[in-house]
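Could you build all of it, start to finish, from the sequences and the hints given here?
Residue numbers (the working numbering), protein chains in the order written: chain A, 9 to 317; chain B, 28 to 280.
Treat the hints as calculated values from the structure; they're not laboratory data. The structure displayed is predicted, hence computed values, not measured ones. Each residue gets a CB set at the ideal place from its N, CA and C atoms; glycine is no exception. Each hint should be verified, as a subset may be incorrect.
Unchecked claim - Label pairs and their computed distance ranges (CB to CB):
id, chain 1, residue 1, chain 2, residue 2, range
1, A, Leu-26, B, Leu-52, 44 to 52 Å
2, B, Phe-168, A, Ser-125, 41 to 49 Å
3, B, Gln-50, A, Asn-17, 37 to 45 Å
What the hints assert, rightly or not - The following residues of chain A were derived to be distant from chain B, with all beta-carbon distances above 12 Å:
id, residue
4, Asn-17
5, Ile-230
6, Lys-236
7, Asn-271
Unchecked claim - Pairs of lysine to aspartate or glutamate residues, derived as EDC-like cross-links and limited to a Cα-Cα distance of at most 20 Å, are as follows:
id, chain 1, residue 1, chain 2, residue 2
8, B, Lys-34, A, Glu-94
9, A, Lys-263, A, Asp-285
10, A, Lys-83, B, Asp-157
11, B, Lys-111, A, Glu-94
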Amino acid sequence: MKNILEINNVNKIYRNSLKALDNIKLNIREGEIFSLLGPNGAGKSTLINSICGIVNFNSGTIKINGYDNIKEYRKARQMTGIVPQELYLESFETVWKNVNYSRGLFGKPQNHKYVESLLKLLSLWDKKDSKIKELSGGMKRRVLIAKALSHQPKLLFLDEPTASIDVELRKETWDIVRKLNKNGTTIVLTTHYIEEAEELSTRVAIINDGKIILVDETDKLIKKLGEKSIKIQLKNEIINLNENIKNKYNLKINKNILTFKYNIKEDSINLTEMLNDIENDGYQIKDFITEQSSLEEIFIKLIKENKKS
Amino acid sequence: MNYFGVKAILIHELDRFKRTLLQSLASPIITTSLYFIVFGTAIGSRIKEIDGINYGSYIVPGMIMLTILTQALSNASFAIYFQKFTSTIYEIHAAPLSSFEIILGFVGAAAIKSVIIGLIIIITAGFFVDIEIQHPILMIFFLILTSITFSLFGFIVGLYADGFEGLQIIPILVITPLTFLGGSFYSITMLPEFWQNISLLNPVLYLISGFRYSFYEVSDVSLLTSIITIFTILISCILFISYTFIKGYKIKN
Chain A
9 MKNILEINNV NKIYRNSLKA LDNIKLNIRE GEIFSLLGPN GAGKSTLINS ICGIVNFNSG
69 TIKINGYDNI KEYRKARQMT GIVPQELYLE SFETVWKNVN YSRGLFGKPQ NHKYVESLLK
129 LLSLWDKKDS KIKELSGGMK RRVLIAKALS HQPKLLFLDE PTASIDVELR KETWDIVRKL
189 NKNGTTIVLT THYIEEAEEL STRVAIINDG KIILVDETDK LIKKLGEKSI KIQLKNEIIN
249 LNENIKNKYN LKINKNILTF KYNIKEDSIN LTEMLNDIEN DGYQIKDFIT EQSSLEEIFI
309 KLIKENKKS
Chain B
28 MNYFGVKAIL IHELDRFKRT LLQSLASPII TTSLYFIVFG TAIGSRIKEI DGINYGSYIV
88 PGMIMLTILT QALSNASFAI YFQKFTSTIY EIHAAPLSSF EIILGFVGAA AIKSVIIGLI
148 IIITAGFFVD IEIQHPILMI FFLILTSITF SLFGFIVGLY ADGFEGLQII PILVITPLTF
208 LGGSFYSITM LPEFWQNISL LNPVLYLISG FRYSFYEVSD VSLLTSIITI FTILISCILF
268 ISYTFIKGYK IKN
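Structure (structure tokens):
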């Protein structure tokens with residue numbers, strides 16, 4: 009698949025000597041939903057602000073659909089739209105004027121039909137003449153999305169789209185993201201909610217202290233780094249389980265439940281053999297419960313490892 | 028050139044002017060009327076003429092200058108500072124706009140407002156005194172160039188201001204005193220020689236003098252010096268803004 013965004017060796021050092029971006033290399037594929045995951049202050053916003061021209065980076069190159077975002081900034085920026093984390097809007101302007109203003113800024117002539125369809129897509133059409141100050145928080149966020157999409161960008165950045173909003177609004181935002189992606193927009197979102205990345209994105213990058221620690225497909229990442237556990241429920245309480253079996257599989261015993269933890273990467277695990285060993289020791293198996301570690305657990309593990317190194 | 032982008036900023040800023048039309052227009056009209064009552068009637072009754080011009084008419088160019096200098100500066104500084112204050116400036120940065128286009132949009136809007144206000148003051152003044160404009164093209168030249176120059180100056184003030192208080196410092200502490208001391212309501216020939224020489228250090232004197240020449244063909248300094256002064260201020264502002272944009276200071280992180 010074609011890369012719509014290519015970031016090479018990008019560095020950013022703020023005036024206070026804080027290195028916000030450390031040799032970032034990242035490619036985003038056209039048509040995907042990509043999550044940039046990291047704790048507060050990891051460099052997520054600095055990275056997307058550098059891509060969109062809001063922050064000046066010190067070195068490296070950023071290409072959007074093949075256009076250098078410094079040398080060919082006009083073409084590059086027409087490709088991108090950004091939805092900021094905070095509700096940065098002019099309260100006294102109407103929705104209609106706000107969205108048309110954004111379209112104009114990006115060098116596009118008026119297109120009332122398109123803006124109308126956009127407002128309808130985001131369920132804002134009946135509010136087009138309302139002033140921003142009259143809207144709810146959810147509507148304001150949708151206005152920001154409409155503004156970011158007003159010039160029909162190929163690549164949309166959402167900076168913490170669901171930060172500090174309630175569960176209902178979060179689901180609504182996710183639905184919008186999926187809808188936009190279905191319509192052909194590539195989406196990059198920053199988040200520190202693992203659930204959000206897991207729910208929405210096809211690929212994920214983990215960023216910490218300005219460095220990209222890992223980039224992978226969300227499912228693969230969970231498979232690759234995820235720990236699985238099997239809880240084996242036996243018919244009777246476990247008394248005197250063979251020590252050899254217990255040590256071989258590192259089993260933990262709790263009443264009639266044996267817990268076996270393993271990493272999906274390891275090929276040496278033979279579950280059939282383990283179950284046979286348990287049965288041969290005189291125990292009858294009643295039930296199984298399998299659990300897989302979430303992206304959140306992987307994320308914490310990676311951040312900890314990164315800090316140690 | 029991103030024409031639609033510049034147009035969007037211009038329309039957006041002029042919309043704000045329309046939204047606050049009453050304050051925008053009432054303020055200069057009331058202020059002009061008050062100046063006429065205080066200076067034209069109370070003081071003017073004791074000063075019949077300056078350089079052969081009726082005192083009431085003589086002060087009109089100075090009054091217009093006083094208003095457009097402060098209005099251009101305030102409008103431009105507020106426009107850019109407000110975007111910084113509300114953080115909506117992120118959109119300007121993210122848009123495919125060059126520094127020149129951003130300035131053109133903001134400064135253009137502030138200058139248009141100032142020119143409108145200047146013309147309204149001329150009309151208002153016409154109700155109180157007789158006004159002649161000997162050189163209308165020169166008058167328009169000064170009106171537009173001064174509006175642009177001080178809108179640029181205001182843009183700089185707005186970029187560097189750290190609070191709404193900061194926006195007020197330059198108009199109140201610098202522009203208004205310089206305008207009052209720059210011969211808005213008198214000719215510097217009425218001052219003792221020492222103060223005349225001091226007044227010549229005031230750049231606003233040259234703007235008022237040149238502007239007054241376009242009305243009545245009377246001035247305290249030569250027309251050429253006035254034109255050179257306005258261009259010098261204009262170029263200084265352009266250079267300073269260019270430097271600020273290149274460095275990204277106060278605009279981008």
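Hints, one by one, checked against the model:
Hint check: A/Leu-26 to B/Leu-52, Cβ distance near 48 Å, so the stated range 44 to 52 Å holds. At roughly 47 Å, the beta-carbon separation of B/Phe-168 and A/Ser-125 lies within the given 41 to 49 Å, and the hint holds. For the pair B/Gln-50 and A/Asn-17, the beta carbons lie near 52 Å from each other, so the given range of 37 to 45 Å is not met. Distance to chain B confirms A/Asn-17 as a non-interface residue, since its nearest Cβ pair spans about 20 Å, more than 12 Å.
With 12 Å as the threshold on Cβ separation, the claim that A/Ile-230 sits away from chain B holds: the shortest Cβ distance comes to roughly 33 Å. Taking the minimum C-beta to C-beta distance to chain B, about 43 Å, the non-interface status of A/Lys-236 holds against the 12 Å cut. With a cut of 12 Å on Cβ distances, A/Asn-271 stays outside the contact zone with chain B, its closest approach being about 42 Å. Among the hinted pairs, B/Lys-34 with A/Glu-94 is inconsistent with the structure: their alpha-carbon atoms are about 26 Å apart, more than 20 Å.
Distance restraint check for A/Lys-263 and A/Asp-285: the Cα-Cα separation of roughly 19 Å lies within the 20 Å cut-off, and the hinted pair is therefore satisfied. For the suggested pair A/Lys-83 and B/Asp-157, the alpha carbons sit about 56 Å apart, so the restraint of at most 20 Å is broken. At roughly 14 Å between alpha-carbon atoms, B/Lys-111 and A/Glu-94 fall within 20 Å of each other, so this suggested pair holds.
Comparing the model with each earlier hint shows violations of hints 3, 8, 10; every other hint is respected.
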